[in-house]
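S.K.: Just so you know, the protein sequences line up as chains E and D, in that order. Residue numbering for the first sequence follows the working numbering, beginning at 4 and increasing consecutively. Residue numbering for the second sequence follows the working numbering, beginning at 284 and increasing consecutively.
For the record, the hints were derived by calculation from the structure and aren't laboratory data. Warning: the hint list may mix true and false statements.
As the list claims (entries may be wrong) - Computed footprint of chain E on chain D; a stretch qualifies when at least three of its residues, placed anywhere within it, have a C-beta under 8 Å from a C-beta of chain E: (1) 306-319; (2) 332-343; (3) 570-579.
Claimed, not checked - Calculated pairs, BS3-like style, for lysine-lysine (alpha carbon to alpha carbon, straight line, at most 30 Å): (4) D:422 <-> E:95; (5) D:735 <-> D:764; (6) D:371 <-> E:95; (7) D:422 <-> E:86; (8) D:721 <-> D:749; (9) E:33 <-> D:371; (10) E:86 <-> D:371; (11) D:506 <-> E:86.
Note that CB positions come from ideal geometry on N, CA and C, so glycine has one too.
Spelled out, the chains give:
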Amino acid sequence: MSLDIATTRRIAKLARIGLADDELETVRQKLDGILDWFNQLSEVNVEGIAPMVGTETEAMRQREDVVTDGNCQEAVLSCAPDKSGPFYTVPKVIE
Amino acid sequence: MSYTIEGKTGIWEIVVGLEVHAQIVSNSKLFSGASTRFGGEPNSQVSLVDAAFPGMLPVINKECVAQAVRTGLGLNARINLQSRFDRKNYFYADLPQGYQISQFEYPIVGEGTVEIELQNGETRQIGITRLHMEQDAGKLLHDQDPSRSFVDLNRSGIALMEIVSEPDIRAPEEAGAYLRKLRQILRYLGTCDGNMEEGSMRADVNVSVRKAGEPFRTRCEIKNVNSIRFVMQAIEAEAVRQIEIWENGGEVDQETRLFDAARGETRTMRSKEDAHDYRYFPDPDLLPLVIEQSWVDELKKALPELPDAKRARFQQEYGITSYDAGVLVAEQITADFFETVAKGRDGKLAVTWVTGDLFAALNRTSRTLEDSPVSAASLGKMLDLITDGTINGKIAKDVFETMVETGDEPEDIVEKKGLKQVTDTGVIDTAIDDIMTKHADKVAEYRSGKDKLFGFFVGQVMKETKGKANPALVNEALKAKLDQ
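Next up, chain E with everything else stripped away, as it sits in the complex:
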């Protein structure tokens, strides 16, 4: 597996992780190592086997359609780095 610098930069950007140019090569090598390690899995023949999405065999639990939660504005806003009245606020994002 050989990850290139451009792909490394793109992955970092998609994850909103700021990387300085001199950090890129180190991160590239580390990611490359991780990918190589996981790539061992491709040695296993999985032809005709459905992907496993969990270790349990049961299906998803479902709940009834009733309002049981909410009305906890204070708790919801408790971790907001910045707020105004009943709102979270963020630096302006508009086109």
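Chain E is already provided as a structure; the job is to place chain D on it using the hints.
M.R.: Relative to the frame of chain E, chain D by itself:
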């Protein structure tokens, strides 16, 4: 006639596919127990699941699943008994999780079809590719502060159905017809209120152009168009833009655009540059969604009659035209109103009064069927009065106007105003004799061959009897006396 655009290099056709986001009608959210009510105090209808606090786990709302299945059935689509949820990763201030829980590889509903009808009466089948469930995002307010955007998460986590069509649409009119039909089906099913102004139904529009017989060219996606009219305008504006690029030797880039309704043009959305790199993967918090065929069958049995079936039945059961039936089933409330009026009565008479006089009266008084001044039962009783000969058609118009003004029952109005039809031949004969004496000259003219005067005599007799005479009896007696 198919829709085309004429460019410098020849005739172009357009290829359109729609992705419709429809908010599911439910009490609580897709994965949390917070309320879905519209217009609540900001951030009050938010659970810690919706705000993506660490350690909170999603649990699916069974009714949302049922609504998605009902919609799938209404679109004649395949229901997948096994489906799965994936994480669609992107960063935006209205998405606290940093990913949207959606269904990517295994949606709950597969291929289906919607039949649309065009202005000229032609019908077309538009293919449905899939329908999947996903979470809605929160809402951003940009006009409260010069440097900050405000975030309200009340909408965050509400269940959406994304309904994806095949690129089968070939004209703005077809896109409009498709959206109207889809909205109609959703409303009949009660799975989405279809309210585009409040944003509970919105469309992403994929547009490309090509010369006849060509394979598809590059498409652009116009995001979040919130009215049917704008969808139609956006398609046309975008098609014209793309044709210009191709004809000037350029290349259309696959990109996300938005429609500026004020300027009637589309423009690029830079922030969505990476929008198609969502790095989907199965949500490890959620097991596969497995439903039983028997449950799907139960839901199917309980579905209401859908517009196409109702329209066919109206035509057959009440002997009305396809056009009239289409007008009546457009809204469920209109269909129900008509059926109350028409049940056990003359369907053609009923449709004339409902779509003619009643609609006109509603228009004039700026009312809707929901607060109609004349109830379906009262209108039905008035039709009975016409059918059993108590009043004639002309008097019926007056009775109806009084009903609109006062809300009184038709039989009371007829009684109070003495509008009962005159069927007493003695009274009619006397009136005719009077008129013939008064207009002896005209009688002579008529008898010497001026047949057209017959209408004049009918008019005079009706006037003499204040419009209450039975027209058939008047005709018969007049004919006999004049031809003597």
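S.K.: Against each hint, give a clear statement of whether it holds in the structure.
M.R.: Taking the hints in turn, this is what the structure says about them:
no., hint, verdict
1, 306-319, "holds (count 7)"
2, 332-343, "holds (count 5)"
3, 570-579, "holds (count 4)"
4, D:422 <-> E:95, "13 Å, holds"
5, D:735 <-> D:764, "16 Å, holds"
6, D:371 <-> E:95, "24 Å, holds"
7, D:422 <-> E:86, "15 Å, holds"
8, D:721 <-> D:749, "17 Å, holds"
9, E:33 <-> D:371, "25 Å, holds"
10, E:86 <-> D:371, "27 Å, holds"
11, D:506 <-> E:86, "29 Å, holds"
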